[in-house]
Amino acid sequence: MSTAAGSRQLGDRAGRTTAAAPPARRRAGGAQRRAPWLLMAPFLLLFLLTFIAPVLYAVGQSFTRVTRAGLFGQEGTTSGFAGLENYSRALSDGGFLASVGRVLLFGVVQVTVMIVVATVLALLLESASAKWPGFFRTAYFLPYGIPGVIATILWSFLYVPGISPVLGLLGAVGVDLDPLAPSTVLWSIANIVTWAYTGYNMLIIVAQLKSIPKELYEAARVDGAGPLRIATSLQLPLVRPALVLATVFSIIGTLQLFAEPQVLQSVAPAVSNDYTPNLAAYNSAFNYNDYGVASAQAVLIALAAFVLSAVFLGLTNRGRR
Amino acid sequence: MSATTTAPQQGAPQAPRQDRAPSSSEGARRRRGTTVLVTAVLAVVTAYFLLPVYWVVVAATKSTQDLFGTNGFWFSSSPQLLSNLSAVFTYDGGIFVRWLLNSLLYAGLGAVLATYFAAAAGYALAKYEFRGRGLVQALVLGGVLVPGTATALPLFLLFSQMGLANTYWGVLVPSLVSPFGVFLCQVYARATVPDSMVEAARLDGAGELRIFHVFALRALAPALVTVLLFQVVGIWNNYFLPLVMLADQQLYPVTLGLTAWRSQVDRLPEFYQLTTAGVLVSVIPLAVAMLVLQRFWRGGLTEGAVKD
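From first to last, the protein sequence lines are chains U and F.
The opening position of the first sequence corresponds to residue 1 in our numbering, with each subsequent residue numbered one higher.
The opening position of the second sequence corresponds to residue 1 in our numbering, with each subsequent residue numbered one higher.
Mixed in with the good hints there might be a few duds.
Stated by the list, open to error - Now the stretches of chain U that chain F is said to cover, found in silico as 3 or more residues with beta-carbon under 8 Å:
#1 38 to 49
#2 54 to 66
#3 117 to 126
#4 129 to 137
#5 157 to 166
#6 276 to 282
#7 306 to 313
Stated by the list, open to error - Label-pair restraints from in silico Cβ distances:
#8 G224/U - P194/F: 41 to 49 Å
#9 P194/F - F81/U: 53 to 61 Å
#10 R34/U - G163/F: 26 to 34 Å
#11 A181/U - V112/F: 39 to 47 Å
#12 P194/F - R33/U: 16 to 24 Å
#13 A138/F - L84/U: 22 to 30 Å
#14 G93/F - N289/U: 30 to 38 Å
To be verified - Covered, in the sense of this in silico footprint (three residues per stretch, anywhere, with C-beta under 8 Å from a C-beta of chain U), are these stretches of chain F:
#15 44 to 55
#16 208 to 215
Honestly, the hints are just simulated from the structure, not real lab data.
All figures in this text were calculated on a predicted structure; none of them were measured in a lab.
Note that the Cβ used here is the ideal one computed from N, Cα and C, for glycine as well.
Kindly produce the complete structure, drawing on both the sequences and the hints.
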């Protein structure tokens with residue numbers, strides 16, 4: 001991406017200087033120098049306020065110890081530098097560590113399943129063999145328009161025996177499934193996430209498939225390639241960028257997992273207050289009023305998301321070269 | 001609707017059918033078999049994706065008793081959709097309507113302004129050479145990669161010191177920022193706004209801001225649609241930020257309101273009816289929007305992906 005865009009820019013710049021640019025540039029120099037900052041001002045100010053400031057604030061809080069005087073802190077609080085105390089408390093908390101392991105396991109299984117299913121669906125929809133592809137595509141994409149919380153409320157009803165016709169049907173054929181049991185609830189959450197986002201990822205891949213030039217298909221067919229061969233040697237390599245993009249966004253999403261377990265808490269006692277890292281950070285702050293540890297946890301989550309995405313992007317870029 | 005509009009675009013993969021259609025009847029039969037098989041697989045998958053939506057349509061017509069007592073896949077003998085709906089809209093002085101309007105305000109106003117700001121910033125990053133550009137680009141990318149839920153918590157602590165927590169501003173202000181939108185607009189502006197056009201407008205005496213508003217915004221239109229849609233869905237679906245930020249039920253968006261109802265189901269069974277009918281009402285506008293906007297959405301995404 002960078003090389004193509006770079007050379008295009010270089011060409012444009014060369015063309016500009018040889019044309020009638022110099023006098024115009026001298027005249028408009030000041031305005032032109034101010035313009036980008038003027039254009040970026042609203043975004044940058046809001047970005048500073050809602051992004052940079054809270055990140056710095058969280059980092060600051062994560063190194064701060066707050067001591068309350070009096071039984072409920074009504075006699076004022078004193079804060080001081082805590083060093084790495086909050087981090088060591090966050091990282092030595094078995095529950096928090098377990099939650100990190102849980103979302104990693106969740107991510108490996110759920111993101112893999114979702115991306116594979118999305119890819120297969122996209123290939124099937126784009127193959128000439130599918131009837132009514134427009135209808136199917138819309139049906140698969142529909143859940144993406146339903147907020148994660150609402151989707152969780154919906155599925156939470158379908159997970160409760162007595163209301164759920166699905167469980168009733170399974171019970172009738174002798175399958176006794178409790179989606180809210182401690183051993184299954186993680187995969188019930190995975191089901192909600194898969195249900196909500198598979199169609200979205202499929203659409204990204206379909207868009208990429210549509211951008212493959214017709215001539216490539218014809219060339220492959222002339223070479224005697226069947227549909228399967230076309231999929232593995234032509235379509236899959238060419239949709240790779242879309243797959244990378246979809247995987248990175250899914251990984252970031254997995255680490256943020258919050259709404260689904262939080263809403264399911266009311267029906268599934270197995271979902272503890274520190275079931276996912278974000279849930280743990282939320283409860284540290286609002287249930288235990290421990291903002292230091294909550295900030296340390298938030299910083300750790302953000303770092304993990306950042307590092308994972310960067311590593312993944314780096315790996316796939318190196319593999320391509 | 002979308003089936004008819006999108007069918008002609010299937011050009012590329014459909015080519016083989018015409019190429020060797022008349023060759024042999026056995027091949028035609030095999031191909032018809034494949035079509036039936038593939039379509040059957042896709043239909044089964046459709047059932048999975050539509051099941052919860054179908055269920056809530058049925059459930060919203062039932063009383064709490066019928067919800068437990070009758071088959072969940074079919075309507076009960078005494079449907080009461082209208083009374084359920086009127087309960088949703090009148091409960092607690094019509095607070096559900098208020099929640100809907102709040103969501104509309106947060107998502108509508110937030111997304112429009114966020115898109116405008118992102119377009120201006122993305123255009124500036126793509127079309128000007130200036131000191132500090134690399135730093136701004138790095139910060140924007142950081143904003144894309146660091147999850148919003150990680151900043152929501154410190155944002156609340158910060159906003160509560162500024163007196164913005166538990167106000168409309170608490171949710172609206174963070175919704176105005178879209179680093180992803182800036183990133184997409186930058187990529188798109190680099191590819192679609194020619195330097196020669198900007199240069200020509202300058203020679204004609206147009207000011208820098210005028211060039212952006214008159215020429216660049218038009219060229220960026222497809223990317224803006226994508227950014228706007230992403231932002232609308234993002235704000236409408238956001239749960240963590242309003243949950244952290246708001247205590248006053250009057251300020252809730254619909255997502256937060258419905259979870260508040262859902263959590264009372266165990267103590268007060270009438271909330272079953274309220275929740276299922278409320279979910280139905282809140283899903284319908286989004287579902288319609290998805291169906292209508294799917295075309296734009298795909299176009300925008302393709303552009304973004306290809307230009308990238």
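Against the structure, the hints come out as follows:
Proximity of the segment 38 to 49 of chain U to chain F, defined as three or more residues with a beta carbon under 8 Å from a beta carbon of that chain, is established by the 9 residues found. Given a C-beta distance limit of less than 8 Å, the hint that chain F covers the segment 54 to 66 of chain U holds, as 5 residues qualify and 3 suffice. Interface restraint, the segment 117 to 126 of chain U with chain F: holds (4 residues with C-beta to C-beta distance below 8 Å; minimum three). Given as covered by chain F, the segment 129 to 137 of chain U passes the check, having 9 residues with a CB less than 8 Å from a CB of that chain where 3 are the minimum.
Taking a C-beta to C-beta cut-off of 8 Å, the segment 157 to 166 of chain U contributes 7 residues in contact with chain F, enough for the three needed, and the coverage statement holds. Check on the segment 276 to 282 of chain U: 3 of its residues sit with their Cβ under 8 Å from a Cβ of chain F, so the three-residue criterion for coverage holds. Counting residues of the segment 306 to 313 of chain U whose beta carbon lies closer than 8 Å to any beta carbon of chain F gives 3, which reaches the threshold of three, so the coverage claim holds. The supplied range of 41 to 49 Å is met by G224/U and P194/F, whose beta-carbon atoms lie about 43 Å from each other.
The hinted range of 53 to 61 Å is satisfied by P194/F and F81/U, whose Cβ atoms lie roughly 54 Å apart. Between R34/U and G163/F the Cβ separation comes to about 33 Å, which falls inside the hinted range of 26 to 34 Å. Evaluation of the 39 to 47 Å hint for A181/U and V112/F yields a pass: the beta carbon distance comes to about 45 Å. For P194/F and R33/U, the Cβ-Cβ distance of about 21 Å falls inside the hinted range of 16 to 24 Å, so the restraint holds.
In this structure the supplied range 22 to 30 Å holds for A138/F paired with L84/U, their Cβ-Cβ distance being about 26 Å. Checked against the given bound of 30 to 38 Å, the beta carbons of G93/F and N289/U, roughly 33 Å apart, stay inside it. Counting residues of the segment 44 to 55 of chain F whose CB falls under 8 Å from any CB of chain U gives 9; the rule of at least 3 is met. By the rule of at least three residues with a Cβ nearer than 8 Å to a Cβ of chain U, the coverage given for the segment 208 to 215 of chain F holds, with 3 such residues.
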